[in-house]
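K.L.:
Chains as they are written, first to last, in our numbering: chain A, 1 to 286; chain B, 1001 to 1080.
Some clues are possibly wrong.
Said to hold, decoys possible - Distance ranges between label pairs, derived from CB positions:
#1 Val1024(B) - Val247(A): 39 to 49 Å
#2 Gly1039(B) - Arg147(A): 37 to 47 Å
#3 Asp115(A) - Ala1023(B): 15 to 25 Å
#4 Lys116(A) - Leu1060(B): 21 to 31 Å
#5 Leu251(A) - Ser1035(B): 32 to 42 Å
Read the hints as simulated data drawn from the structure, not as lab findings.
Virtual Cβ for every residue (Gly too), placed ideally from N, Cα, C.
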Amino acid sequence: MPISYFQGALLGLLQGVSELFPVSSLGHSVILPRLVGWHIHQNDKFFITFLVATHLATAIVLLLFFRRDWWRILKGLGRSLRDRGIAPDDADARLGWLLVVGTIPAGILGLLLQDKLRAVFASALSAAIFLFLNGFLLYGAELLRRRAPQAEADDDVRIAQQVSWRAAFLVGAAQALALIPGFSRSGATMGGGLLVGLSHKDAARFAFLMATPIIGAAAVLKLPELAGPTGNGVRGPAAVGALCAAVTAYLAVRFLMRFFETNTLTPFAIYCAGAGAACALYFALA
Amino acid sequence: MDRRRLLVLAAIVAGIVLIAIAAVYWAEPAKSLPSFFPGHQAGSGHHHVKHGIASFLVGLACLVFAWFNTGQKKTPSAPA
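Just chain A, same shape as in the assembly:
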């Protein structure tokens, strides 16, 4: 068996947390096996198949957590298509299209660049260096963030009013950074949200809503690999890993939505810079 149940559980727990915390799940899933001496590499077919299951679990948790929001957003999208335009007071429709506009560049860049970038940046050392840089990216977003007045009481109305089409496109495109192990998808979207004037809580909400279709679609696209011959010997640990990822993803999203009501990205920036620097040094000297 290329991956044990214990390894599957541990990697699943890590994946659920690190996918939603702005600390790079891919980076951690590259660094951890190297740190503990496991023979698991991010380009191993069985490992990619394993990640499909944990990503799918994370996407399902996000979808369920924000199910009421998604239902309102989908109804808003339907209304706007029917009316062939977005009514000025229809925040759900505008938010829905902002998510579409952000998802298109992220999806296309992901489809076209994922395999190439994974092949180039496969080593644990490069993941540690990029994790270090991710810390600076998060801290930079904090330093440069715009403090726009938050007049509206409703979260989605605030986001819909604050984010422009261009900003949604750029924030979505920034998610492509997460294709490089060490850079965080949620970090890029939260940082982008802060730069366009969202509060921390709204930036986190926008990031999680934007992450759901991307993580889910990426997992569904690779689902045949889990069902096919490359899934042999991995399905059991992958199921355990998915379950563990679902539990920690749920706890993570609950925690983060409360955390960002009063806190900033700075603790994550310090963690990424510190952990990235320590791991890079260790890998370089080992």
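Got chain A sorted already, so can you dock chain B onto it with the hints?
P.N.:
Showing chain B alone in chain A's frame:
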């Protein structure tokens, strides 16, 4: 023809062409793709499914853009 109509026409044409290209990517292996297509590779039987999805998504976005921009003018804002 004003600028808006021209843009809508271009979006419709681009949308249809891109969705047709997506169908070609899904139906034909890399060796049978036209040589100017990204992903063409002589002798390869690989299907570029992801290229097809990317092309389809952009095509769909073009058609949605055209759909919004051909609606009645009572709706003041539209995506993109």
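K.L.:
Does each hint fit the structure? Answer for all of them.
P.N.:
So, going through the hints one by one against the coordinates:
Under the hint 39 to 49 Å, the C-beta atoms of Val1024(B) and Val247(A), about 44 Å apart, fit the expected range. At roughly 46 Å, the beta carbons of Gly1039(B) and Arg147(A) sit within the given window of 37 to 47 Å. For the pair Asp115(A) and Ala1023(B), the beta carbons lie near 23 Å from each other, so the given range of 15 to 25 Å is met. The hint said 21 to 31 Å for the Cβ distance between Lys116(A) and Leu1060(B), and at roughly 25 Å that hint holds.
Under the hint 32 to 42 Å, the C-beta atoms of Leu251(A) and Ser1035(B), about 52 Å apart, miss the expected range.
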